[in-house]
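Chemist: We have chain A already, so just place chain B on it with the hints.
One letter stands for each residue in the lines below.
Protein chains: 2
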Amino acid sequence: MRVLHHLPLSPYARKVRLVLAEKRLPYELRVEKTWERRTEYLEMNPAGTVPTLVEDNGLIIPDSAVICEYLDEAYADSSLMGRTIAERIEVRRLIAWFDGKFAAEVTSNLYGEKYLRRLTGRGIPDPAAIRTGYTALRYHLEYLGWLAETRKWLAGHALSVADFAAAAHLSTLDFIGEVDWTISPAVKDWYARMKSRPSFRGILADRVPGTTPPAHYADLDF
Amino acid sequence: MRVLHHLPLSPYARKVRLVLAEKRLPYELRVEKTWERRTEYLEMNPAGTVPTLVEDNGLIIPDSAVICEYLDEAYADSSLMGRTIAERIEVRRLIAWFDGKFAAEVTSNLYGEKYLRRLTGRGIPDPAAIRTGYTALRYHLEYLGWLAETRKWLAGHALSVADFAAAAHLSTLDFIGEVDWTISPAVKDWYARMKSRPSFRGILADRVPGTTPPAHYADLDF
Numbered sequence: 034m035r036v037l038h039h040l041p042l043s044p045y046a047r048k049v050r051l052v053l054a055e056k057r058l059p060y061e062l063r064v065e066k067t068w069e070r071r072t073e074y075l076e077m078n079p080a081g082t083v084p085t086l087v088e089d090n091g092l093i094i095p096d097s098a099v100i101c102e103y104l105d106e107a108y109a110d111s112s113l114m115g116r117t118i119a120e121r122i123e124v125r126r127l128i129a130w131f132d133g134k135f136a137a138e139v140t141s142n143l144y145g146e147k148y149l150r151r152l153t154g155r156g157i158p159d160p161a162a163i164r165t166g167y168t169a170l171r172y173h174l175e176y177l178g179w180l181a182e183t184r185k186w187l188a189g190h191a192l193s194v195a196d197f198a199a200a201a202h203l204s205t206l207d208f209i210g211e212v213d214w215t216i217s218p219a220v221k222d223w224y225a226r227m228k229s230r231p232s233f234r235g236i237l238a239d240r241v242p243g244t245t246p247p248a249h250y251a252d253l254d255f
Numbered sequence: 034m035r036v037l038h039h040l041p042l043s044p045y046a047r048k049v050r051l052v053l054a055e056k057r058l059p060y061e062l063r064v065e066k067t068w069e070r071r072t073e074y075l076e077m078n079p080a081g082t083v084p085t086l087v088e089d090n091g092l093i094i095p096d097s098a099v100i101c102e103y104l105d106e107a108y109a110d111s112s113l114m115g116r117t118i119a120e121r122i123e124v125r126r127l128i129a130w131f132d133g134k135f136a137a138e139v140t141s142n143l144y145g146e147k148y149l150r151r152l153t154g155r156g157i158p159d160p161a162a163i164r165t166g167y168t169a170l171r172y173h174l175e176y177l178g179w180l181a182e183t184r185k186w187l188a189g190h191a192l193s194v195a196d197f198a199a200a201a202h203l204s205t206l207d208f209i210g211e212v213d214w215t216i217s218p219a220v221k222d223w224y225a226r227m228k229s230r231p232s233f234r235g236i237l238a239d240r241v242p243g244t245t246p247p248a249h250y251a252d253l254d255f
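Here the protein sequences come in this chain order: A and B. Residues in the first sequence are numbered from 34 upward in steps of one, following this note's numbering. Residues in the second sequence are numbered from 34 upward in steps of one, following this note's numbering.
Isolated chain A (complex conformation) (with noise of 0.2 Å):
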């Protein structure tokens, strides 16, 4: 069985949970500390980070970016990269803004120094950081809305891996309780069709020791 080595919280193997899914590809998940710096992790992955994707054949794939470039040309058929040149440009641009600028500017400022900081005993919050997560996510929803309102996806008229890459990192901030989602009509119209896909089951099933989801957080009906 094709494995993915996760944490449930991290975007970025929620990104991949939601491409497999979509794709129709079984898996099964399997948790890795990632701060336990595990030899046999590290040798599958010497970056060190999730996800990890291994497939049944043994061939490891580490990193979501070539996860997902690799799952769009080995299950060729349900491609979510976009199909014309023009498309597979706005689809990688949008990854790579939410996957390298808002992960930067939003996620590990909220996600990073609220939740991860605790798990991985690195100290307290730093509060300047958590003010400028805040000030970042309502321009970065802002933007999200402006996408979200002139087209029918967030690339396009397609739904593509950057819907899954900015839901992605929706999801984890919603379940640390992080989104104000009157902030954008246009955004929580998007997330909701989003979340009522069956691809989005596993994710808004997720529970982790410590911290309680929102009770919007699986609600379909937020």
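Derived from the structure by calculation, the hints contain no laboratory data. Bear in mind the structure is a predicted one, so any value in this text is a computation, not a measurement. Hints are not guaranteed to be accurate.
Derived SDA-like pairs (lysine to any residue); straight-line CA-CA distance at most 20 Å [as the list claims (entries may be wrong)]:
#, chain 1, residue 1, chain 2, residue 2
1, B, LYS134, A, GLU76
2, A, LYS134, B, TRP68
3, A, LYS134, B, LYS66
4, B, LYS66, B, GLY243
5, B, LYS134, A, TRP68
6, B, LYS134, A, GLY115
7, B, LYS134, A, LEU75
8, B, LYS134, A, ARG71
Modeler: Only chain B this time, still in chain A's reference frame:
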């Protein structure tokens, strides 16, 4: 004429310049002072980073990873992303390694602190970051040395974007005199082979105001 918006010492722009030259795609360079945040540039690339590629037909491609994927799809006859599924995974893993981990641990601590900070008027370099950068550079050169010793090119038997990603970062660090080439003879050999390629000439000819590269920078027998 195809235009690449860049900064001469940006490792991300250098990677794309190398790939364009390797694929014999002519282009014109235009310097973009990203810290000025020009509206016209942000409209092309909301992330505000370099490089951004503008094709003759008007197609705008931001982000060096997106550009490299695009170039390999649009000009597929000379693939630099690997041929088999396994090769493509390894090429992309190493690009993510150098542009993610190496960039964060080495390039941003040395080039970022010692050069970019002054250039963009963001105060004085942080000595702790610079120390971290030197320690990480040694560790990364050892890993790079292991790759160079055990493989013909970094990702395997074929030259790939992984080589250009790594060489781009090292060339930027070498320009500001930060690479100790005695640490790994295998890395030096590999870099000498990279430097000798015609695609490298533009990068070796770069000059920027206020910084003179060491004498060995453009020397093929360094």
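Chemist: What are the numbers of the hints the structure violates, in ascending order?
Modeler: Violated hint (a single one): 6; every other hint is consistent with the structure.
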